[in-house]
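Undergrad: Sequence:
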Amino acid sequence: MSCFAIAMKRMRVFPLILLVVALLAGCGSSRYERKPSAYPPSDREAPPAVEQYPGEQTLIVASWYGKDFHGRPTASGEPFDMYAMTCAHRQLPFGTQLRVTSVSNGKEVDCTVNDRGPFVAGRDLDLAYGAAQKIDLIGPGSAKVYIRQIGRDLRYVKTVRYSGTASGTVTIQIGSFREQANAERLKKGLEFKYNNVY
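Numbering-wise, the working numbering comes out as the position in the sequence shown, counting from 1, plus 4.
Calculated from the structure, these hints are not laboratory results. Glycine included, every Cβ here is placed at the ideal spot set by N, Cα and C. Some clues are possibly wrong.
[Unchecked claim] Per label pair, the in silico range of CB-to-CB distance:
(1) 26 with 195: 39 to 49 Å
(2) 152 with 88: 14 to 24 Å
(3) 88 with 126: 17 to 27 Å
(4) 87 with 62: 24 to 34 Å
(5) 165 with 185: 24 to 34 Å
(6) 145 with 114: 15 to 25 Å
(7) 26 with 64: 52 to 62 Å
(8) 175 with 144: 44 to 54 Å
(9) 144 with 199: 47 to 57 Å
(10) 26 with 72: 48 to 58 Å
(11) 198 with 144: 41 to 51 Å
(12) 125 with 202: 33 to 43 Å
With the hints as extra help, turn the sequences into a complete structure.
TA: As structure tokens, this is what we get:
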């Protein structure tokens with residue numbers, strides 16, 4: 005087959021490709037939605053700053069982190085303050101408030117999950133230096149502790165702006181959970197802002 009025949013064959017396919025692209029572009033919408041200036045009005049009260057609930061006590065291994073991470077962003081987006089009463093956990097939602105009790109000396113500290121970690125095998129919780137000091141964890145570096153969820157700082161719950169001009173029903177899956185209690189906790193937090201949360 006000559007080069008001319010190959011070129012002619014390709015030129016027959018090109019208009020077909022243009023037609024498909026034009027048809028797909030016609031399916032799009034050129035209508036721009038006006039962005040709302042504020043959240044939609046709600047007849048509900050503003051959520052409290054802290055949600056309280058009793059949790060079960062769990063035995064885990066905790067360690068601490070500090071100077072090398074001070075000032076750097078945490079997984080929640082806020083800067084890490086090594087002197088704050090905060091901690092890192094792999095799975096608990098940001099804002100979860102924990103009461104951490106040292107098994108060896110019985111000292112307690114309340115801290116808020118604002119980061120992810122630890123990333124060392126055999127450890128379950130990383131306390132900020134300031135929180136670790138309160139339970140004398142600095143010397144040993146890691147130790148067994150009891151943790152109990154005591155509440156949730158709802159300032160960590162992220163909200164989504166939406167426009168009331170959309171037609172139809174939209175369902176958004178926020179998460180998938182192994183334990184129903186975690187799903188119920190998130191549901192309770194979302195019900196402050198949104199209707200029909202299930």
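Undergrad: Are the hints correct? Go through all of them and say.
TA: Now for the hints, and whether the structure bears them out:
1. 26 with 195: 39 to 49 Å: At 46 Å between Cβs, range holds.
2. 152 with 88: 14 to 24 Å: 20 Å, holds
3. 88 with 126: 17 to 27 Å: 25 Å, holds
4. 87 with 62: 24 to 34 Å: Holds - the Cβ-Cβ distance for residue 87 and residue 62, about 26 Å, lies within 24 to 34 Å.
5. 165 with 185: 24 to 34 Å: At roughly 29 Å between Cβ atoms, residue 185 and residue 165 fall inside 24 to 34 Å, so the hint holds.
6. 145 with 114: 15 to 25 Å: 21 Å, holds
7. 26 with 64: 52 to 62 Å: Once the Cβ atoms are compared, 60 Å apart, the range 52 to 62 Å for residue 64 and residue 26 holds.
8. 175 with 144: 44 to 54 Å: 49 Å, holds
9. 144 with 199: 47 to 57 Å: At roughly 50 Å between Cβ atoms, residue 199 and residue 144 fall inside 47 to 57 Å, so the hint holds.
10. 26 with 72: 48 to 58 Å: Between residue 26 and residue 72, where Cβ atoms are some 56 Å apart, the hint holds.
11. 198 with 144: 41 to 51 Å: 45 Å, holds
12. 125 with 202: 33 to 43 Å: 38 Å, holds
Comparing the model with each numbered hint stated earlier shows that all of them hold.
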